[in-house]
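S.K.: Sequence:
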Amino acid sequence: MPLDQQTGVRAYQFIVDRLEDRRREHYPAGREAYEADWTAAHDLEKDFAEAVHAGDLPTAEQLLQQLMDVAAAWQSHPDHPDNRPEGGSRPDNAGPRERA
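Following this note's numbering, the numbering of the sequence shown begins with 1305 at its first residue and continues without gaps.
Be careful, since some hints might not be right.
To be verified - Label pairs and their calculated CB-CB ranges: (1) R1335 - R1388: 28 to 36 Å; (2) W1342 - Q1310: 19 to 27 Å; (3) Q1317 - A1340: 14 to 22 Å.
What the hints contain is simulated information worked out from the structure, not anything from laboratory work.
For each residue, glycine too, the CB sits at the ideal point set by N, CA and C.
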């Protein structure tokens, strides 16, 4: 994965979408867990963006790996960043998008 702003945003947005799915599944319980997990993911993405902007690629790589470690909980999801082409869009021949 490239170490650029868009890579971090894609990983972060994937995580947030899955957290929101989980929150809806467990509503009304789970609000505190959602907020804690969202905050952790947001902080990782923010730190990643700052490292990329500063040209600190070793730190950016470490932070991206941490984001991907969080995303690993949903590895089989069709929208997982590892399951998407470099550009982040779904291939034209992909089936309908399903929510996990």
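S.K.: Work down the list of hints and note, for each, if the structure agrees.
M.R.: A quick look at each hint next to the structure:
| no. | hint | verdict |
| --- | --- | --- |
| 1 | R1335 - R1388: 28 to 36 Å | holds, 29 Å |
| 2 | W1342 - Q1310: 19 to 27 Å | holds, 20 Å |
| 3 | Q1317 - A1340: 14 to 22 Å | holds, 18 Å |
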